[in-house]
Structure formats: structure tokens, C-alpha cells
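Peer 1: Spelled out from the first residue to the last, the chains are:
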Amino acid sequence: DGGITQSPKYLFRKEGQNVTLSCEQNLNHDAMYWYRQDPGQGLRLIYYSQIVNDFQKGDIAEGYSVSREKKESFPLTVTSAQKNPTAFYLCASSTGHRRTEAFFGQGTRLTVV
Amino acid sequence: AQKITQTQPGMFVQEKEAVTLDCTYDTSDPSYGLFWYKQPSSGEMIFLIYQGSYDQQNATEGRYSLNFQKARKSANLVISASQLGDSAMYFCAMREVTNAGKSTFGDGTTLTVKP
Numbered sequence: 001d002g003g004i005t006q007s008p009k010y011l012f013r014k015e016g017q018n019v020t021l022s023c024e025q026n027l028n029h030d031a032m033y034w035y036r037q038d039p040g041q042g043l044r045l046i047y048y049s050q051i052v053n054d055f056q057k058g059d060i061a062e063g064y065s066v067s068r069e070k071k072e073s074f075p076l077t078v079t080s081a082q083k084n085p086t087a088f089y090l091c092a093s094s095t096g097h098r099r100t101e102a103f104f105g106q107g108t109r110l111t112v113v
Numbered sequence: 001a002q003k004i005t006q007t008q009p010g011m012f013v014q015e016k017e018a019v020t021l022d023c024t025y026d027t028s029d030p031s032y033g034l035f036w037y038k039q040p041s042s043g044e045m046i047f048l049i050y051q052g053s054y055d056q057q058n059a060t061e062g063r064y065s066l067n068f069q070k071a072r073k074s075a076n077l078v079i080s081a082s083q084l085g086d087s088a089m090y091f092c093a094m095r096e097v098t099n100a101g102k103s104t105f106g107d108g109t110t111l112t113v114k115p
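Residue numbers (the working numbering), protein chains in the order written: chain A, 1 to 113; chain B, 1 to 115.
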């Protein structure tokens, strides 16, 4: 079955550590996105990529980094520079066309301990 | 300026009744798409319905319909015959052609269906 897989589902990070969230899709979608969601709030765009080896900053990119070396994969690294990383992170993909919806992964809940 | 506004943080509806969730948007792009997603407590985002800016008719998908009023820049979601499983958070989103395929989301409306 086609879809998006995010791992891990839960992640705990000590202060000062970098952590990487995995996102893999087998939908053959060109575009991939990372969103952050805080409790009771909407989704805010962190980074997005429309094609392999290219990505752009979203609205809240500071403290995060990404790579897009393969079409299927778009990992997100939460660096120690991100001062408040505790949140729910959602990865999505789409064809990029305005008429097609985004498909989302199950999300990763990151907690700083 | 916020591009998607959902003014109802929380809504209640009786089981089997209809409910309307409001969404207004702001864009200068003549070509855009509007989406509604459902997010249950598990966190996954489920696509519900889509409306294109050039579509002449309001979109419908089963119990979901979209009341699209282009001049007012509103795209309200109507859920008919509410079920207990409809209790979730609902997000309105917009994708503009000139915005590199990015979607902008509203802050969401939490819907609670009462038995």
C-alpha cells in the first residue's frame, strides 16, 4: 500500500542534542513538507521540497535542517539551536499540483527531557 | 496577515444533526485550491474535501459538502447527519499556484458530537 511513514512515533531528546525525524513515502510524489503542530493549534510549515536536492525554508525554519537526497525520503533534523522543540511533527507529500491534496504521515511527538 | 481564518475554536453538535464549520481566506492569486482535513485525537490528518477556485459547483463528498462563496472568500464545511466518530479537530487549508505548492492551514475547529 502506498503511503507515508514517519518514525519514530515518540522521541525524547535531551537539551543540547540534535535529533533526526524520518519521513519516507512510496507515492512517487515530487513535493514533501514538514509541519510543526503545537497543542490546540494549527500546522506551521518548517521546510518543503519540490524536487530532489532542492528545498526551501518555510515559516519557522530556524533551528531545523533537512535534506532531500532521494525522492522518497525527507528527513528533518531538530538541532540544539531550536529552543522550544517539544511539539508534534507531521510530514506530508503531494504531487505539488494545486488540485491534489497532501498525504500525511502519522506524526512524531518530540519531547525535550 | 493570516491567510486562513477559522473563527470557531470549538463547536458542539447533536448526533444526527448538521453542522457548519467556518473558514475564510485571503489571497490575491486567482488560482488556488481549498482543502478540509480532519484530525482525530490520534494525530493523523485525513483529507475530506477539495474546492478549486475555478470550480463552478460546490464540492461534495458523501456527508461532507463545501459551501464556497468566492466573492466573500469563504469556504465553509458542512457535515450532515453528524456521527460520534466525527468528533475531531478540523482544519481548512489553501494552496496557491504562485506559492510553490505550499499549503497554509488555519488554527482549526474542535468539533464535539453529543449523543
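Source of the hints: derived by calculation from the structure; they are not laboratory data.
Any given hint might turn out to be false.
Below, a list of computed lysine-lysine pairs in the BS3-like style, where the Cα atoms sit at most 25 Å apart [to be verified]:
#	chain 1	residue 1	chain 2	residue 2
1	B	LYS102	B	LYS3
2	B	LYS102	B	LYS16
3	A	LYS14	A	LYS83
4	B	LYS114	B	LYS70
5	A	LYS57	A	LYS70
6	A	LYS57	B	LYS114
7	A	LYS14	A	LYS70
8	A	LYS57	A	LYS83
9	B	LYS102	A	LYS70
10	A	LYS70	A	LYS9
11	A	LYS57	B	LYS70
12	A	LYS71	B	LYS102
Note that the structure is a prediction, hence the values are computed from the model and not measured.
Peer 1: Now tell me if each hint is right for this structure.
Peer 2: Here's how the hints hold up against the structure:
1. B/LYS102 x B/LYS3: 12 Å, holds
2. B/LYS102 x B/LYS16: 35 Å, violated
3. A/LYS14 x A/LYS83: 12 Å, holds
4. B/LYS114 x B/LYS70: Violated, at about 32 Å.
5. A/LYS57 x A/LYS70: 18 Å, holds
6. A/LYS57 x B/LYS114: Distance of about 42 Å is beyond 25 Å: violated.
7. A/LYS14 x A/LYS70: Roughly 29 Å separates the two Cα atoms, so the pair is violated.
8. A/LYS57 x A/LYS83: 18 Å, holds
9. B/LYS102 x A/LYS70: 20 Å, holds
10. A/LYS70 x A/LYS9: Status holds; Cα separation ~22 Å.
11. A/LYS57 x B/LYS70: 30 Å, violated
12. A/LYS71 x B/LYS102: Holds, at about 17 Å.
Hint check: violations occur at hints 2, 4, 6, 7, 11; the rest are consistent with the structure.
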